[in-house]
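Undergrad: Since the structure of chain A is provided, determine the placement of chain B on it from the hints.
Number of protein chains: 2
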Amino acid sequence: MEDPGWLSPREQGAWRAHLAAHRLLSHQLDRELQAFGLSLNDYEILVNLSESPEHRMRMSELADATIQSRSRLSHQISRMEAAGLVTREDCEDDRRGTYAVLTDLGWDTTQRVAPEHVASVREHFIDLLTPEQVATVEEIYTHVVDHIHSIRSAK
Amino acid sequence: MEDPGWLSPREQGAWRAHLAAHRLLSHQLDRELQAFGLSLNDYEILVNLSESPEHRMRMSELADATIQSRSRLSHQISRMEAAGLVTREDCEDDRRGTYAVLTDLGWDTTQRVAPEHVASVREHFIDLLTPEQVATVEEIYTHVVDHIHSIRSAK
Numbered sequence: 001m002e003d004p005g006w007l008s009p010r011e012q013g014a015w016r017a018h019l020a021a022h023r024l025l026s027h028q029l030d031r032e033l034q035a036f037g038l039s040l041n042d043y044e045i046l047v048n049l050s051e052s053p054e055h056r057m058r059m060s061e062l063a064d065a066t067i068q069s070r071s072r073l074s075h076q077i078s079r080m081e082a083a084g085l086v087t088r089e090d091c092e093d094d095r096r097g098t099y100a101v102l103t104d105l106g107w108d109t110t111q112r113v114a115p116e117h118v119a120s121v122r123e124h125f126i127d128l129l130t131p132e133q134v135a136t137v138e139e140i141y142t143h144v145v146d147h148i149h150s151i152r153s154a155k
Numbered sequence: 001m002e003d004p005g006w007l008s009p010r011e012q013g014a015w016r017a018h019l020a021a022h023r024l025l026s027h028q029l030d031r032e033l034q035a036f037g038l039s040l041n042d043y044e045i046l047v048n049l050s051e052s053p054e055h056r057m058r059m060s061e062l063a064d065a066t067i068q069s070r071s072r073l074s075h076q077i078s079r080m081e082a083a084g085l086v087t088r089e090d091c092e093d094d095r096r097g098t099y100a101v102l103t104d105l106g107w108d109t110t111q112r113v114a115p116e117h118v119a120s121v122r123e124h125f126i127d128l129l130t131p132e133q134v135a136t137v138e139e140i141y142t143h144v145v146d147h148i149h150s151i152r153s154a155k
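As given, the protein sequences belong to chains A and B, one line each in that order.
Numbered per our numbering, the first sequence spans residues 1 to 155.
Numbered per our numbering, the second sequence spans residues 1 to 155.
Isolated chain A (complex conformation):
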């Protein structure tokens, strides 16, 4: 049997630490956002919309930006619509298209939550790193993102 290229202890340590840290960090940030009635996924959608012109994005663009399937996003947007944070609007120039649009409540919520959330991201991630490590994280993970995008577009 060929050597299947098992990971070295350090490689395995890096991979497992990456998985564990991501999961723990997501739980922690989710938990802190729950005080505002939001999940981390809700918050990412609010931020994407709040940074877009007229606080609106096509559902297809929003799905790409938040890296989830359109069906999953659609359920998510329904929940956020029920909470009064966003609405859906038909695209005037494209019958098949729908926009997700931030409501006033959605905008106010984003403004109120953002400083707290950023403080959490600092406390549990960024401020644990040296500036060199921050630069390395950006470099490594941008490389991974580019790699996976290139695989997907090659299909």
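As a list, the in silico EDC-like pairs of lysine to aspartate or glutamate whose alpha-carbon atoms are at most 20 Å apart:
#, chain 1, residue 1, chain 2, residue 2
1, B, Lys-155, A, Asp-30
2, B, Lys-155, B, Asp-64
3, A, Lys-155, B, Asp-30
4, A, Lys-155, B, Glu-32
5, B, Lys-155, A, Glu-123
6, B, Lys-155, A, Glu-32
7, A, Lys-155, A, Asp-64
8, A, Lys-155, B, Glu-123
No wet-lab data here; the hints were simulated from the structure.
Only a predicted model underlies this, so the values are computations on that prediction, with no experimental measurement involved.
TA: Chain B only, in chain A's frame:
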């Protein structure tokens, strides 16, 4: 109003790259495991059990090891039980406890899938990094894991 400590462009870049890379990588690995009828979460459970004495773990330990709630794990184990990969057994020395135990099919599946999965982890993550970057990832994310465990145990 006080400066809420907004992230610098590099810090924000690092944080967003971390989130995006993790999500894309999880999807990619999930997709490749689907060829074997498994999710990434299934695979992690199989690996944890296959590395344990007698291929069994208490449900509470398995929940901790895979960083998920006991109720979520319980649903997951029910699905894997239906697929014939694991069984549940009562603990003889603890009436309230239950073990998750790998079946022969679960063991065979783990042995068959592991080389393919490790090749995916190499292709989409480890082999994109220099050895120094692998060491940095291990260091950074182990620090994050320790930090979050220390917050949790302080409560």
